[in-house]
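Those sequence lines, one after another, are chains D and X.
Here the working numbering is used: the first residue of the first sequence is 1, the next is one more, and so on.
Here the working numbering is used: the first residue of the second sequence is 1, the next is one more, and so on.
No lab work stands behind these hints: they were computed from the structure.
For clarity, every value in this text was computed on a predicted model and none was experimentally measured.
Ideal Cβ positions, reconstructed from N, Cα and C, are used throughout, including at glycine.
Take the hints with a grain of salt, since some may be wrong.
To be verified - The calculated DSS-like cross-link candidates involving lysine-lysine, where the alpha carbons are at most 27 Å apart (straight line), are:
1) X:K297 with X:K38
2) D:K347 with X:K85
3) X:K262 with X:K252
4) D:K275 with D:K347
5) X:K297 with D:K347
6) D:K43 with D:K383
7) X:K195 with D:K83
8) X:K262 with X:K35
9) D:K35 with D:K383
10) X:K195 with D:K86
11) D:K83 with D:K347
12) D:K43 with D:K86
13) X:K38 with X:K7
14) D:K347 with X:K195
15) D:K275 with D:K86
Said to hold, decoys possible - Only part of the chain D face toward chain X is listed, based on derived beta-carbon distances under 8 Å:
16) V27
17) N159
18) V367
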Amino acid sequence: MEQLTLLEIIWRILIQLIPVWVALIAVFAVSITFKSRLGLYGKLFNSSVGMIGLGIVLFWIFTALFADIIAPFDPIEQISGMKHKKPGWPVVGQEGAFYLLGGDNLARDVFSRVIHGSRTVLSIAPAATVFAFMVGITLGLPAGYFHGRLDTILSFLANMVLAFPVILLFYLLVTPEIRTTGIPVVLAAVLFLFPIIFLVVLFRTKYFVQPQKLTIYLVLTMTIGLWVYSGLAFNSDPLGVWSMDPNLLNIFVSVVFVNSPTVFRIVRGLTMDIKTRDYVAAAQTRGEGPWYIMLWEILPNARGPLIVDFCLRIGYTTILLGTLGFFGLGVSPESPDWGSTINEGRKLLALFPHPALPPALSLMSLVLGLNLLADGLREQSLKD
Amino acid sequence: MLSFFLKRFGVMILTAFCLTLVVFYLTNLEPNLEKLAKTQANMRMTDEQVASWLDDRGYSRPVLLRYGEWLGIVPGWTLVDEDGKLTGRCVRKGQEVTPRFCGVLQGSLGLSTVFSDEVSTIIAKRLANTGWLMFWVMVVMVPSALLVGVLAGMREGSRTDRTLSTFSIATTATPEYVSGVIFIVVFASSMVGLKWFKGSATSASDSGITFENFTLPVLTMALYGMGYIARMTRASMAEVMTAQYIRTARLKGVSFPMIVIKHALRNALIAPFTVIMLQFPWLLTGVVIVETLFNYKGFGWTLVQAASNNDIELLLSCSVVAVAVVLITQLISDIGYVYLNPRIRVT
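Chain D on its own, in the form it takes in the complex (with noise of 0.2 Å):
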């Protein structure tokens, strides 16, 4: 067989992908007919950048989601002859297979594993942007609102963990002999605690005069939020629904950690910002508890900045997951995650640059889209 040219390899890439692009069309196609009842998310399809910044997320979504369909081989699947193999290459002894974009220093698929690596990356950046949220708003409420020595003692730790190089807190936090000490999961166990917190009083101020409603969902707040805390902080869940690699687990948890403080400096800055207003002075006349007045007319009012910054915050947490990788840090060398990929690549960069790009360009993708999504969000949000 010959090798394909690059027309041929494009080709054969697109069609690949057709479960995304059906995807894709189906939700731009019932988002844009429905746009003028989404709220926020329709209005993004009013701005361009906002438009192709959406598209290249959930492209890059649909590609995780489908990617046991799209990818041709397993990611760690190793084929001999294919070593260094240029893209377009036949697979040896098999008839009609290639490797559309050429094989690595261990023989396996780059385009299966950048397609693999795609899920690596949108199941952890998300999640752990979720939870560093979760923390900042839980402790930048409070430290803004009531300000007083908790904001001074809280903003001193956020600053010191902010003052660190990024590189030298993972270097320090992820590395195996930290996860023998347990350091990982006592870390794992504060931070999680954080979202169950934030539910429980989000529920408790809001059907404050409404016990039964209240019963209800802080029964299933605990239980559910218990679980799944059991499961993924000690890996101890009594199911087994829930559980983390230790491995993950120190990623998750320090990429958590290094967010955590700057959300916290944002809705800190916003609090006493809104603090300010009418309707803040309203709701105290009214006798409304300082809980009821941060998490129900502070925090839905400081909503627009806090999107804008989720989605620039995934974009980040990508490049951090990615720099992990990169120093080789956390993950196993069998990953097919975009850092680690690059990193393995890039020793011989000069002779084969194949590797090393596909991965790197898909990263750039992804945090470009969520950036450009985070613009035109920003745009809208500024319209209202």
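Guided by the hints, dock chain X onto chain D, whose structure is given.
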């Protein structure tokens, strides 16, 4: 003003103290010390051998005590072995009297276990290398970022603005390890590339900086930081251009280039100044990636070496330097902001 400085200085010292304590604690955890012993001596040491190795080098005493030694408020440990040879924290070859204290307060940063040299000499040499890198990055990054920002912001919403803004977003979305890889493939790869530059800056740290070996690292770092500064400049420029005095100048009949240069520029550059100063700490992260990628032996490279080999004293000094850089630039940006914008007072 003085009390402001004193307060900031106090916070700085406190932060540095807390951070070094954290770093000291984390690097002195049991498994990390074991790793240190094994990498320094022999990978196949038994547990007893590790314990005695650590005993001989004073690592097995309480962490707080040794942190005190590092600070210089607790006397350094000494040990006389069977042959009557004196070993200890403060013992150096060719020294007649062994000082009782030798810590940061006495000006000694300790010994590096990886490079077997005084930490202070290593740090000084590596920082000088990184200084050159930073200098060239700034020379490339700041003017081009300001130019892009001003050009985009002076006519908001125009085609130039859209193109340049997209370009800025694209550069902020490209981390160093991505752009670096792309640059190496395009400009330095022996297979497909243009072979204009070298893909490694090792020669720059040994035998001097040349255009050939330094362009790619500088470009890689400058590009990532550029987008952010450019966007800030654009926002600030766009805001200034809507001000009343610009309209007055236009109505007066001043030409557009003159308005931009004489009236708008100076006011538009206040905000980017703070941003540029705050870029320094964050360039520090970039330095680590770029120096690793291009194998340039600077501060970032040293940090990676220290961290991956658990070189405690070198790592501590690296973190002190990093923290100092972060906090000092914060201070300068605060003061500079006050100086440039008379409406804000520090007190």
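Restraint status (C-alpha distance of X:K195 to D:K86 at most 27 Å): Holds. X:K195 to D:K86 sits at ~20 Å (cutoff 27 Å).
Status of the hint placing D:V367 at chain X (closest C-beta pair under 8 Å): OK, holds: D:V367 within 8 Å of chain X, min 4 Å.
Restraint outcome when D:V27 is required to lie within 8 Å of chain X by C-beta distance: 22 Å, violated
27 Å limit on alpha-carbon distance, applied to hinted pair D:K347 and X:K195: Measuring from Cα to Cα gives roughly 17 Å; hence the hint holds.
Pair hint D:K83 and D:K347, alpha-carbon separation not exceeding 27 Å: 15 Å, holds
Restraint status (C-alpha distance of D:K43 to D:K383 at most 27 Å): 10 Å, holds
Agreement of X:K297 and D:K347 with the hint, judged by alpha carbon distance not exceeding 27 Å: Holds, because 17 Å separates the two Cα atoms, which is no more than 27 Å.
Distance restraint between D:K275 and D:K347, which requires alpha-carbon spacing of 27 Å or less: 53 Å, violated
Agreement of X:K262 and X:K35 with the hint, judged by alpha carbon distance not exceeding 27 Å: Status violated; Cα separation ~62 Å.
D:K35 paired with D:K383 [C-alpha distance capped at 27 Å]: Distance of about 16 Å is within 27 Å: holds.
Satisfaction of hint between X:K85 and D:K347, Cα-Cα up to 27 Å: 46 Å, violated
Given pair status - D:K86, D:K275, alpha carbons within 27 Å: Roughly 60 Å between the alpha carbons, so the hint for D:K275 and D:K86 is violated.
Comparing the model with each earlier hint shows violations of hints 2, 4, 8, 12, 13, 15, 16; every other hint is respected.
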